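Protein chains: 2
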Amino acid sequence: MSATDMSDDSTDVSICHHGEFQPRIVDMGRWEPDASGRLRRAALDLYSERGFEQTTVQDIADRAGVTERTFFRYFTDKREVLFDGLHALEDVIVAAVMSAPAEASAKPMKLAMDSLQAATPFFAERYDYAKQRAGVIAANPGLQEREFLKLSSMALGVATALKARGVGDSAADIAGDTAVVVFQQGFQRWIGGSDPDALGRCMREAYDELAALAAQG
Amino acid sequence: MSATDMSDDSTDVSICHHGEFQPRIVDMGRWEPDASGRLRRAALDLYSERGFEQTTVQDIADRAGVTERTFFRYFTDKREVLFDGLHALEDVIVAAVMSAPAEASAKPMKLAMDSLQAATPFFAERYDYAKQRAGVIAANPGLQEREFLKLSSMALGVATALKARGVGDSAADIAGDTAVVVFQQGFQRWIGGSDPDALGRCMREAYDELAALAAQG
DNA sequence: TTGGCCATGTCAGCGACTGACATGAGTGAC
DNA sequence: GTCACTCATGTCAGTCGCTGACATGGCCAA
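From first to last, the protein sequence lines are chains A and B. Using this note's numbering, you'd call the opening residue of the first sequence number 405 and step up by one each time. Using this note's numbering, you'd call the opening residue of the second sequence number 405 and step up by one each time.
Derived by calculation from the structure, the hints in this document are not laboratory data. A couple of the hints might just be wrong.
For chains that are exact copies, the list does not tell them apart, and a pair is met inside one copy or across any two.
DSSO-like mimics (lysine-lysine), calculated; alpha carbons at most 30 Å apart, straight line [said to hold, decoys possible]:
| hint | residue 1 | residue 2 |
| --- | --- | --- |
| 1 | 567 | 511 |
| 2 | 482 | 514 |
| 3 | 535 | 567 |
| 4 | 482 | 511 |
| 5 | 535 | 511 |
| 6 | 482 | 567 |
| 7 | 514 | 535 |
| 8 | 567 | 514 |
Model, not experiment: these values are computed from the prediction.
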């Protein structure tokens with residue numbers, strides 16, 4: 405069964421679902437390319453349209469023009485399809501921590517915060533996508549669970565990078581966790597606003613507030 | 405089918421599984437009492453013995469001497485059996501925030517931290533249980549997800565209570581999140597140590613470190 | 001006694017996820 | 001040119017988490 409043989413009703417939708425690939429005349433392999441990308445888009449759209457729980461993996465696979473089994477080859481579960489891109493984000497932030505000048509290690513909290521700024525272009529390009537995704541996640545506790553797990557992985561990544569720079573264990577752990585709190589708070593303000601380039605500023609403000617609060621008692 | 409009729413091999417284990425209830429001669433209702441407690445114990449023990457994923461809900465129900473369906477009447481899912489007790493914890497902390505003297509609202513971060521101290525007796529009584537439970541959770545990402553969700557619910561509870569006292573929205577949100585970070589860090593040190601009464605001190609230390617870090621940059 | 005309450009049991013079914021095996025275009029070796 | 005090998009995908013059967021609908025039978029109040 406080739407990608408073009410498929411004749412169930414949802415296939416047409418799936419193949420034309422994103423803008424690229426109009427000239428599908430020559431040079432077509434056995435299967436439509438970018439199956440995982442199609443699955444990601446199909447999943448996000450269906451989660452938006454009907455809700456996460458009202459969407460079956462079969463639905464997603466149908467819209468993407470693949471089988472359910474293929475979905476599970478790319479994503480470990482139904483939630484992960486919204487989150488696997490975050491590995492790249494974590495990598496960017498951790499790289500920023502590692503590549504800072506040597507003297508930055510003396511102020512681990514500041515180092516962590518500055519490294520978060522490295523993530524802002526990652527999001528600025530995807531403002532609309534980020535908003536849609538955030539709406540879906542906010543509507544479902546199960547998806548929030550997964551988000552928290554990813555954030556904690558980010559915190560651990562930052563903490564580990566700080567430790568590798570010689571920062572003490574407990575300072576590194578706390579700085580990592582605190583950075584994630586700031587990221588989260590800043591992100592929510594950014595999503596709630598309308599300026600795609602404001603993420604860095606939102607995080608900065610959140611951090612300043614946190615520092616002011618911590619100084620109180 | 406009454407609780408005493410059951411004759412499959414795991415039933416005996418389940419009925420005698422916890423110390424109480426030796427005199428089961430008279431005064432026995434239709435079913436063994438405290439089904440949810442038996443399920444909680446059975447689940448924690450099985451998760452410890454075989455691991456979370458290697459344990460089926462059927463296993464838990466068998467050991468507790470009930471049916472699988474009964475498990476799902478008490479707990480919304482297989483993870484929740486380890487977490488539903490945390491509602492009580494959140495209530496205690498939120499109550500502490502609400503009942504502080506009026507002038508405490510001026511220093512929301514300090515108020516949140518002091519309220520966390522109200523939770524320490526909750527844990528001191530259950531040190532061994534808490535260690536076993538923490539070990540199980542640490543071994544399974546799926547359980548960590550649920551733990552983070554509960555912690556975020558705690559953060560939201562603290563933030564909401566602070567707002568009810570007149571604290572500004574963003575300060576309340578950040579104080580709630582930060583309090584949870586401190587709770588988490590303190591909890592981990594407490595679990596890693598050997599003094600059941602040290603939780604309060606561990607949290608205090610974590611907070612002091614956080615404040616020192618935040619003051620740096 | 002009767003009748004309703006309610007914790008539990010029973011049963012059928014859906015959907016998430018997995019392991020094992022089949023298929024067939026693309027690709028390089030000869 | 002064809003042979004063998006790869007590898008993304010399809011196919012199929014099965015387990016387990018979880019739910020709705022209905023049955024059962026001690027208990028308690030009228």
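Do the hints match the structure? See the list:
{"no.": "1", "hint": "567 x 511", "in the structure": "within (13 Å within a copy, 32 Å between copies)"}
{"no.": "2", "hint": "482 x 514", "in the structure": "neither (37 Å within a copy, 41 Å between copies)"}
{"no.": "3", "hint": "535 x 567", "in the structure": "between (34 Å within a copy, 26 Å between copies)"}
{"no.": "4", "hint": "482 x 511", "in the structure": "neither (40 Å within a copy, 43 Å between copies)"}
{"no.": "5", "hint": "535 x 511", "in the structure": "neither (33 Å within a copy, 34 Å between copies)"}
{"no.": "6", "hint": "482 x 567", "in the structure": "neither (34 Å within a copy, 36 Å between copies)"}
{"no.": "7", "hint": "514 x 535", "in the structure": "within (28 Å within a copy, 34 Å between copies)"}
{"no.": "8", "hint": "567 x 514", "in the structure": "both (15 Å within a copy, 29 Å between copies)"}
Going down the numbered hints, you'll see the structure goes against 2, 4, 5, 6, while the others check out.
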